[in-house]
Amino acid sequence: MSTSEPAFRLDAVTVLYGRTPAVQDVTLDIRSGGVTALLGASGCGKSTLLRSLNRLNDLVPDARLAGRITFDGQDIHAPDVDLVSLRRRVGMVFQRPTVIPASIRENIAFGPRLAKRDVDDALIEGALTRANLWPEVTGHLDDPASGLSGGQQQRLSIARCLALEPEVLLMDEPTASLDPQATAAVEDLIASLAQEMTIVLVTHSLGQAERLADDVVFMAAEPDAAGERRGVVVEHGPAQTLFHAPRDPRTAEYLGRTSP
Amino acid sequence: MNVDPVRTGVALVLLFAAAIAVMTLGGIRHRADLAVAAGRALVQLIAVALVIAWIFTHPEGAVVYLSIMVVAATWTAHRRIGGDRRDFLALLGAIALGAAATVAIVSVTGALSFTAQALLPFSAQMIGGAMTTAILAGMRLRDDVRDNIDLFAVYVSLGATYRQAGQQFATRAAQRALVPTLDQTRSAGLVTLPGAFVGMLLGGATPLQAAQVQLLVLIGLLLVQSITALLTTRWIDPLPDDLGRNVALPEGAS
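As you go down the protein sequences, you meet chains W and U in turn.
Going by the working numbering, the first residue of the first sequence is number 1, and it counts up by one from there.
Going by the working numbering, the first residue of the second sequence is number 261, and it counts up by one from there.
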């Protein structure tokens, strides 16, 4: 992926569940490299938009998408798109840590094995080291992953993605269910990974977005003409600009700052 | 065993009338259903008896009859589970292979004589068992995937195809589909007398002969259902029909 081009380009994207739009008419570019935070209150469509980026909304009943999303220049909904390749290149970390019901080693090996890559101890150690988990699990690789703490499980989820060497990591409120200490560990990890890959992070935490984001997409749930609430992008841009000089009063209100 | 058609008719009328009377006295509102069910059973069994009587004198017809049964079993399972033409073919393979493997062993060993009279009813029971298991296994696989869609999404997000992700749920679904047959086999003769056993006794066989045939049926069902459950859960699309489709609308359709 070229670093000068955006990682994702969204053009008039609307996502519907049945006939109800969850996200309406989103047009924006998501930068290649660094952290782009999708920020906003609960229910404004952040996760829906995130899951559209590697087509996980295909697994939601009655989900429909209008508009166009391109990744690395390719329309991800084109009939000839290789979904497996897309999802290997665009990894996903979910809000709730969900480990594969198997050992720690098997959790890491699952993706590379499907991709027919060599799975050796170096790969396992490398992925766990990058996820800052190796010192805590060394000697316990064949223990059930379900025995790890919530924070450790979330870092294992990240390590599992890293074993596939993705170009992008989508992270859906990855610290939502973690305690402050585990949250700090995951945030440190995100900051370090952002040096080498593109991260799109869903969060409703202002502090987390301020600490981690290079770009911010601020979203809100707004009623349409019929009174149905759907997520819209209020504004987006560099984090410094958005946090210190928001253009839209709705952003300023969310940030708790004086309207421009 | 001699079956007098007149006495059988009288007994059937009395049984039917008694069932209607009990339902009426008990205020159960299914008398029309009972009449329809009894009527259908009467027509279907007479028709089947005529067909099988013809096959007994024309054994080459057995292949056609069993083929129709396999297709009908597949159609029923497919209608219940859902899916596309590929799923239909998967179910056809799972049901046919399970039944064929079991009938082949029984035939080759000579446990049942290589005649239409022996193999036709045995094969029909195997096909019926395969259909039941295919339905159970297929529905349980898709229910498990729907109930655990977060875990399914994890597999998919790690580069698994939908079928590869479904494999992670397949063994458990197959195991659960075999539970009724295992229970039936375990309780044979204790909770109820199984159908083949009763039929053989009514037909004049000794209890030992009846037990011998019933064992062939029960153990045969274990094999046919093991094969069918494993193949069904590995061959059908694990996703329910409303999941896993490209969500993109045609341009201008929003």
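Source of the hints: derived by calculation from the structure; they are not laboratory data.
This one's a predicted model, so the numbers in the text were calculated from it and none came from an experiment.
Where hints are given, some of them may not hold.
Said to hold, decoys possible - Selected chain U positions facing chain W (Cβ under 10 Å, derived; list incomplete):
1. 322
2. 409
3. 411
4. 424
5. 494
What the hints assert, rightly or not - The calculated label-pair distances, taken between Cβ atoms and stated as ranges, are:
6. U:345 - W:206: 32 to 42 Å
7. W:228 - U:293: 41 to 51 Å
8. U:369 - W:80: 23 to 33 Å
9. U:353 - W:80: 24 to 34 Å
10. U:501 - W:85: 24 to 34 Å
11. U:445 - W:96: 34 to 44 Å
12. W:20 - U:292: 38 to 48 Å
13. W:227 - U:451: 30 to 40 Å
14. U:292 - W:147: 40 to 50 Å
15. W:96 - U:292: 44 to 54 Å
Claimed, not checked - What the simulated footprint calls covered on chain U by chain W, stretch by stretch (three residues with Cβ under 8 Å from a Cβ of chain W suffice, anywhere in the stretch; the number is not a length):
16. 413-423
17. 495-506
Even glycine gets a Cβ: it sits at the ideal position worked out from N, Cα and C.
To see whether the hints hold, each was checked on the structure:
no.	hint	in the structure
1	322	violated (45 Å)
2	409	holds (6 Å)
3	411	holds (6 Å)
4	424	holds (6 Å)
5	494	violated (16 Å)
6	U:345 - W:206: 32 to 42 Å	violated (52 Å)
7	W:228 - U:293: 41 to 51 Å	holds (45 Å)
8	U:369 - W:80: 23 to 33 Å	violated (52 Å)
9	U:353 - W:80: 24 to 34 Å	holds (29 Å)
10	U:501 - W:85: 24 to 34 Å	holds (25 Å)
11	U:445 - W:96: 34 to 44 Å	holds (41 Å)
12	W:20 - U:292: 38 to 48 Å	holds (42 Å)
13	W:227 - U:451: 30 to 40 Å	violated (60 Å)
14	U:292 - W:147: 40 to 50 Å	violated (58 Å)
15	W:96 - U:292: 44 to 54 Å	holds (51 Å)
16	413-423	holds (count 9)
17	495-506	holds (count 6)
Figure legend: structure checked against the earlier numbered hints; hints not met, in rising order: 1, 5, 6, 8, 13 and 14.
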